[in-house]
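Undergrad: Quick mapping for you: the protein sequence lines, in order, are chains A and B. Take any residue in the first sequence, count from 1 to its spot, add 1: that is its number in the numbering used here. For the second sequence, position 291 (counting from the first letter as 1) is numbered 280 according to the numbering used here, and the numbering increases by one without interruption.
The set of hints was computed from the structure by calculation and includes no laboratory data. Careful, some of the hints might be misleading.
Claimed, not checked - Here are the simulated DSS-like cross-link-like pairs (lysine-lysine), alpha carbons at most 27 Å apart as the crow flies:
| id | chain 1 | residue 1 | chain 2 | residue 2 |
| --- | --- | --- | --- | --- |
| 1 | A | K262 | B | K186 |
| 2 | B | K186 | A | K117 |
| 3 | A | K262 | A | K117 |
Here the structure is a predicted model, which means the values were calculated and not measured.
Here's the letter readout for the chains.
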Amino acid sequence: MNWRRWLIGRRELTLALACVAVTLVFHFLSPYFLTAENLTTILHNSVELLLISLGITFILATAGIDIAVGGALGICAIFVGWSIQGGWPFGVVLLIGPLIGIGLGLISATLIVQGKIPPIIATLGLFGVYRAAIFLLLGGSWISGLPDTLGPAVNTTVAGIPITAIYVLVFYAAGWLISHWLPLGIAIRATGGNERAARLSGVGIARTKFFVYGFTGLLVGFAAFLYVARYRNVETSTGGLIALDAIVASVLGGTSVLGGKANILGALFGVLLVRLLQNGFVLIGVPSLWEQVITGVLLIGVLILDALAERSANDAQLATAPRSPPVGLASEAALHDK
Amino acid sequence: MIAAIKQIRFSGLLVLWLIALAVFAVRAPAFFTIANFTSVLQFSTLLALVTLGQTLVILSGGGGIDLSVGGIVSLSGLAIAWLLKAGMPGFAAALAGVVFGGILGCINGLVITRLRLLPLIVTLGTYYAYNGLALALTGGAPISGLPASFGLLGQSEILTIPLHTLVLVAPIFLLLLFTLNQTPLGRWIYAVGSNEKTARLIGLPVDRIRLGVYILSGVLGALAGLVGDSWLLSARPNIGDNLELLSLTAALLGGTSIFGGSGGISGSLVAVLFFTSLQVGLQMLNINSIWQLGLVGIFLIGSVLLDRLIRTAQTK
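Put together the whole structure using the sequences plus the hints.
TA: Written out as structure tokens, the structure is:
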């Protein structure tokens, strides 16, 4: 029974193993899967989601949620597009997205902290506002046909490694440091675990929340920069419901939406697993329209397995002890204790 | 005092609605015509049905939320269209579709109550699964060419009121209103939503009540799919798109607490009519309907902020 507990506690490891297994299976099914070119494509298609999932993981850990990140991505992308059209220096083009992203993140945090609005309501409202704002800013037409000035920022390789992989690694390393080495990481978990207790222990709740939404804004802004660099256009639908994809990845990665838990590497492998599966199924001839079904089935399947495994692990442990509610994702009880 | 606060949020919404109507009355004289009244009701049915289900799901607490409801609308609409195409009579196909919607809702409810998983995550999973299936099984193309006789429900009107408003939205609303306020079952839904522990201790069947509201949400979603089919005489795989977020917004704007246990369906219905008249009115003023989404977002945040200000003012 111990191995089970051990595996449940290390979600990033099980997901990494799953990624390897999926890669091997598709390698046997399609000669095109395990090629440098295809893996780079998968990485490029995942980079925005990877960055945003990192932020969402922190937000979920504080027992928050952000539905509006897709809209924020769209708004940042518009400003990046404009700055390219205006011929502004590279530094401005690079920084304008993250700056606006941070600003938008702080708006969410202000509503949640100062306005005391539940995160889901505040960001649902902002989702609508951002959609309308994107439409207003774009004036109903697309920004398209941008010059390829940002091409090198996404297409170069450093020592054989695609530069996008380096961006991802840098941000995830920072996230991992914050989560595991800085007091901030403890503050984030404490805020989500039990806000009242955290406040009484002297954790700066407001500061922590401002940080996670601001940090997510920074990531969203940089994702917008990469988006514009890759696609060279901005449409009214840019960003869409990427928030939901990011929540799926974080939850797959072992982060609880009830707060108190953050698994940084889990989110990384969660995104990769979803993208590997989606890419692999297309290569073996499943139409890409099945993408969403794959995501949904994967999420529900993992959740059910998780709940069953935890239940049986608990049963074994508590065979002689009085029953207590299961912990972790499957803990509905925690919600009601708040 | 809690009743008073609820009242304030609800009447605040009514005031917003009246302001919107007044603006339209001045700027778009055609807004207050009988034909337009009919079209507001016509457009409101899908959202109204879905929002009634969403409201009950949220009311019953435990983090209750149904993100999959748009997918249920699309998927059951498709199921009904396939059955019609296969030669099944309209009534039987509709009935089978509604049962199918109930099953989709039941899947949500069973996973949530049996495995004790969070509704947000479970219905996020089925959001992808149901929407994805609707898209994948049709290749994204609508199923059109349904028999014209099937349009009776969606296209006819009696005394300028659309038939589906008369035979579906109004009776279902009244039935649910009566159930919520006058029957033990209705009070149980509030009890389960406001304090689950107490509800369990006094012996309420918490899980069965929650399972029931998810099934109801599925059934109402399927009815919305049915109305969509009958109205357009085709089933579109994306007809339910955005209904999950819109219905959630309507329920919250209507004064239902996201934590369950307080609120009600009257506010939700007013919010739906508010949304729809905003949409129709903005179209008349030649303003893109995306503004509806923006305004609704501002109203949602504003109403919660206002609510809080009033509450702090009252406690002082």
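Undergrad: Has the given pair, B:K186 with A:K117, been kept, meaning a C-alpha gap of at most 27 Å?
TA: holds, 26 Å
Undergrad: Hinted pair, alpha-carbon criterion (27 Å max): A:K262, B:K186. Please report holds or violated.
TA: OK: A:K262 and B:K186 at ~24 Å, within 27 Å.
Undergrad: Hey, A:K262 versus A:K117, does the alpha-carbon distance stay inside 27 Å?
TA: holds, 22 Å
Hint compliance for this structure: every hint is met.
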